[in-house]
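One-letter residues, chain by chain:
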Amino acid sequence: MSTSQTTTTEHHPALAHQFDSMEQQQDASTFGMWVFLLTEIMMFGGLFTAYLIYRLKYYPAFVAGSTSISVGWGFANTLVLIGSSFTMAMAVWAAQKGYRKSQVWLLLATMVLGAAFLGVKAKEYYDKWDECHIPGHVIGKGFNTWGGCSVTNKSLGNIAEEIRDPKHHGNPNIPEGAAEQTARQTEIFFSFYFAMTGLHAFHMVIGLGLLTWLLLRARGGEFGPSYYTPVELGGLYWHFVDIVWIFLFPLLYLISRHQHGV
Amino acid sequence: MSENSHPTPGLYVLILLALVIGTCLTWGIAFVDLGIWNPVVALTIAVIKAVLVILFFMHVHYSNKLTKLTISAGFFWLMIMITMSLSDYLTRSFMLR
Amino acid sequence: MQSNIPIFPEQASSMAAQVDSLYLFLVLITTFFSLLIAILILIFAIKYRRTPERQAEQIHGSTLLEIIWTVIPLGISMVIFVWGAVIYYHMERAPSNPLEIYGVGKQWMWKFQHPNGQREINTLHVPTGRDVKVTMISQDVIHSFFVPAFRVKQDVLPNRYVFTWFRATVPGTYHLFCSQYCGTKHSGMVGDVIVMTPDDYSTWLASGKAEGSLASLGEKAFQQYGCTTCHRPDSGARGPNLQGLFGRPVRLVDNRVVLADDNYIRESILEPNAKVVSGFQSIMPTFRGVVSEDEIIAITEYIKHLAPQEANPLNNRSTPTQIRDSEVPNIQQQNMQQEKQQQENKQQPQKTPQGTRPANPSGKKP
Amino acid sequence: MSTATAIVKPVMPERHYLNDNYGIRSWLLTKDHKRIAILYLFSISFFFLLGGIFAALIRLHLLTPNGELFQADTYNKLFTMHGVNMVFFFLIPSVPAVLGNFLMPIMVGAKDLAFPKVNLLSWYIYMVGATFSLIAMVSGGVDTGWTFYAPLSSGYLRTHVIAMAVGILFAGFSSIFTGLNFIVTVHRMRAPGMTWGRLPLFVWANYAASLIMILGTPVLAITLILLALERGFHIGIFDPKLGGDPVLFQHMFWFYSHPAVYIMILPGMGVVSEIVTCFSRKRVFGYSFIAFSSIAIAVFGFVVWAHHMFVAGISVYSALVFSLLSYAVAIPSAVKVFNWTATMYKGSVKMDTPMLYAVAFIGLFTIGGLTGLFLAALGLDVHVHDTYFVIAHFHYVMVGGMVTAYMGGLHFWWPKLTGRMYPEAPAKLAAIVTFIGFNLTFFPQFILGYLGMPRRYWAYPPEFQVLNVLSTAGASILSVGFILPLLYFLYSLKYGEVAGDNPWQATGLEWETSSPPPTHNFHQIPVVTKEPYAYGEDAEVPVVH
Ligand code: HEA
Ligand code: HEA
Ligand code: CUA
Ligand SMILES: [Cu+2]
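Protein chains in written order, with the working numbering: chain A, 930 to 1191; chain B, 582 to 678; chain C, 116 to 481; chain D, 11 to 555.
Among the clues, some could well be false.
Stated by the list, open to error - In silico SDA-like links for lysine to any residue, alpha-carbon gap of 20 Å or less:
hint: 1; chain 1: C; residue 1: Lys-300; chain 2: D; residue 2: Asp-83
hint: 2; chain 1: C; residue 1: Lys-300; chain 2: D; residue 2: Ile-68
hint: 3; chain 1: D; residue 1: Lys-251; chain 2: A; residue 2: Tyr-988
Worth flagging that the hints you see were computed from the coordinates, not collected in a lab.
Please read all numbers here as calculations on a predicted model, not as lab measurements.
Work out the full structure, taking the sequences as your base and the hints as a guide.
See the structure below:
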């Protein structure tokens, strides 16, 4: 991130030598952050494009895969992340106004919510691990019952079973072979699920790192009306990560939910 | 940027409310069978939520033209990538025979 | 066959001349513009070379000139585009009533199967004067079927049939290259395309030791893998009757209508659940990893030949209505065409060597 | 303070960015864009030499048709590593990261780039990427081809594909950061009076290239990540065996890599615009058209990618659209070529080394670009796709175009970089040798390609040998043309004439500061009052500090 503003010069202690004024510096930094977010849009965009193409190609499998992840957790996490975006926006506001205490608390709240999000994500990942829904057959238990995961227990999220199980809003008339095949194709869904949420979570982790650093500086009282660019930039980044999730949630969790219920 | 005032906490709360409502709406509607419109509705709500975040949480509403242009360019390019890739996949079945 | 330093590859297909004329046109354009620029630069460099006396004359630009040199290249390039597009369209459109040959690419060889069951590796015999359609698939990575003398090239993809076609004109032996990098022996994945007169070709076909026509091989596989248990021609079988299936629209459970082509049949065998026929349960197991690409090709050929000579295929299908009325005329038309072609084939078996309908593989004896 | 007139012998400034500070730390932790440019200069030169050696081995091997020098696997590794090195580690950073880094802030009248730390970071990221790729090469090499097509790369090859992909990923991020820095600098750091209409064309060109860097490179990143994931964990994204789609890989790869070819030419075009005006002592013809054509190329460049896939099994309709758009991108290039030529008209033309390279660029780029039209023509591309015709096409634009422009720019700004002139006579010789060697190397490949010789062939039918021998002969001449500059540039560091601030009597802010410039570029931030390329208005530009 653009941290150049910490260099010391004659004017404001935070004014870097290559800038003429704090204004120019703030302008340039914010713009730089936006340009960086542009690259992020394209990076996630590549994944979204690929995702859309496979969703068209393997729609039933994507439905089955989507049904097997917990919409409840996904929903809760969306709210958590939106909340954290709110506290982040408030933190920027507080920094700009120079409210030192509330800055710190708001940043802390953002971090707590961010951590909560990652916690839920970890729980969801763990469930998938437990249910043998890790795509590929290199890490751990492999995928469903085909990657070497010897789970035959129905309660363990065997997608082929779920597709036919009325308890999971499945259709028992679907023959076993067919269900198995669809289940196998959900591996692609899970590849995308993990790639997309994984990349997203990776951004969250980086975001938490940034927030920690901001928190320390905010406690030191560095930010006020004349200089709050770092908080502003951190905010932009955090909100962006939030936006990605706003799209990930319906795309991954809500494919044809009405067919299968909660 | 800085020449304009940023939004107030009151506005932020409003936005938060809108976002929460949007999320609940997405969640609720997902269980209603709308045929092919399900994903469309879900994504429309998502776009609205994203726009709210961008405009207010990210202060774009209060920023200069350049920032607005930058963001539009980003989504425009994303659309190029998605539509032109899909143009191949969606027209393949009309292969000449 | 080659002169010392050849400039052009041989023209051995009906397409070659078309491609070459576009090429020559472009060579002309390129020469013209390159020379134009080079000569202008040379003239300016000499005529306006720096001397102590001469001062540069400051000219800022000219909108008229800018427009001219935007519009002229635009015009020229539109000509090139349309020309290229027309040729491409021609190349991508399957010919009617071609001689159908199947190809399988794998690291690092080409396998071809003729309709009468003749197989060859890294060589491909084709007759002159007949449209030949090569339908191909790869067993592993992407390869590319490239015959420079014919000016045809087509990437051969795993998991999907692609085709290319040509009409050879000059008998001879031509290079067949794999032009998509496919690993260590990419450059060894080469072969010969041997173009023969129709007579020689049918001689060659007959001389081969084919174990029976491709379709009959397919029939064997069809029985061997137990397809018959479900796909029996009588009504009441568990699976749809496959007679008359090929080339027709099929209605799926989700109400989509798809065309039953090679890719569809292959998918039905390997991925039966991807497209489930309306009125049926998806009980068909996958045969992925069980049947080989070659066998799938044979089975497909067999299914093609189930095109019923006997009766109207619509009645023959043991299925609930997969086809809506609106689609019927279309199908009847197709059937009529098919029948006509068959008759043509029967009428002139000497002229056209055994091709599309090798149910009676009896090449002309020399 | 010195005044650069013909009579007074110029002297080196006492303090400049090179002697401001000594010691390894002052280089490795520098935030000065000029020093970072020099760091880049060394790193990419290394990769150019490495790539050049691979090229020499390729050509040597192709002397005989039966593949006698190397094993097939070795040959496959050679062209892969040649392509990867040359594209990702040399050509993409060449003009932007060396000349651009050095000149962009000076040209817009700024003390540095907007984010000097990010700039240094980008060099370090580049070095990390370079290290990964070197590890991949040293530990056995990679044989995927620079295009990494799946499923070959993801499921079939047993070489260090992931290490190489990670290397390229890092190189990509380094170019993202460079592009980001340029964009912000151009928008936010211009000196007073430096309006958009007064920006040097070099800045416009690099700005356009930066747009591609930031919008395209992330897609390459995610593509390589998916490829590495598929390779590492056997998940099915591109491999049809696992349900994936190999054509999708090509879409994603070319979504970046086609625009990337414009990263590899636009900055070169910028260099040529500067040189042609300077050595014609004349205002550039059609300033705004050249400037906007750069942007047009960058934008249109994003919508033509599938012209690399005409025979890959894409939809016919899609192919038509992509072919049509490919012609749209050719038009702005045509506009540029004509404007450069017109700039020479009624000028006062001097054929010094940079100008020799510049006119060589115009000629070779024209041939290279026009042969691009062959490839964009659907029916014709079917025949020439993946043959040596494509190889010839892109070497004409990349070597004949960009490398030539880079060499020209290096000569043009060498006095600014080092304060000393290179020796003119050997430099001219090198330029001419390069031109001859280049054409001899790559022109025969057009014919080879049309004859049907496929690319990436370790062995080929004997009837192609004559043309291949010609090509190899040319390559040996070409390599002399590239080794010469290496020698006399080094020589000039010590023995070269002191250049003075403005040895070419050129316009532009970079010539108004001393050579080499002081650490903060200007002793005083300049105020721009003149139009760009105001040659002739006050022909002998007085030098102000
Ligand atoms: C610097 C790099 C560079 C540049 C600038 C270009 C420029 C162009 N390229 Fe090229 N290209 C590559 C690098 C580049 N290319 C590479 C590396 C590959 C191969 C990759 C691989 O497979 O490994 C490739 C491959 C490639 C292909 C795919 C070939 C194949 O694999 O089958 C195509 C197809 O359309 C193509 C087209 C073009 C076009 C239309 C332009 C245009 O932008 C050219 C525009 C320029 C002009 C037109 C000349 C100037 C104009 C005039 C003098 C006026 C007259 C003009 C008219 C009449 C229109 N290129
Ligand atoms: C930026 C780009 C760039 C540059 C500068 C070059 C430069 C050269 N390239 Fe390269 N080339 C590519 C990009 C580039 N290439 C790409 C992308 C491919 C495709 C790869 C693939 O298929 O995946 C390719 C492929 C390619 C092939 C095709 C291989 C094949 O398909 O089988 C050939 C064959 O002739 C070739 C030759 C050359 C030559 C002779 C040079 C010369 O211009 C190089 C001259 C430079 C030097 C020689 C270095 C200076 C001298 C020394 C270091 C001294 C040592 C030399 C000697 C002892 C002789 N290149
Ligand atoms: Cu098969 Cu190359
Ligand atoms: Cu391209």
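These are the hints, each one checked on the structure:
1. With a CA separation close to 8 Å, the supplied pair C:Lys-300 and D:Asp-83 stays within the 20 Å bound.
2. For a cut-off of 20 Å, the pair hint linking C:Lys-300 to D:Ile-68 stands: about 16 Å separates their Cα positions.
3. Proposed proximity of D:Lys-251 and A:Tyr-988 is supported: the alpha carbons are some 18 Å apart, at most 20 Å.
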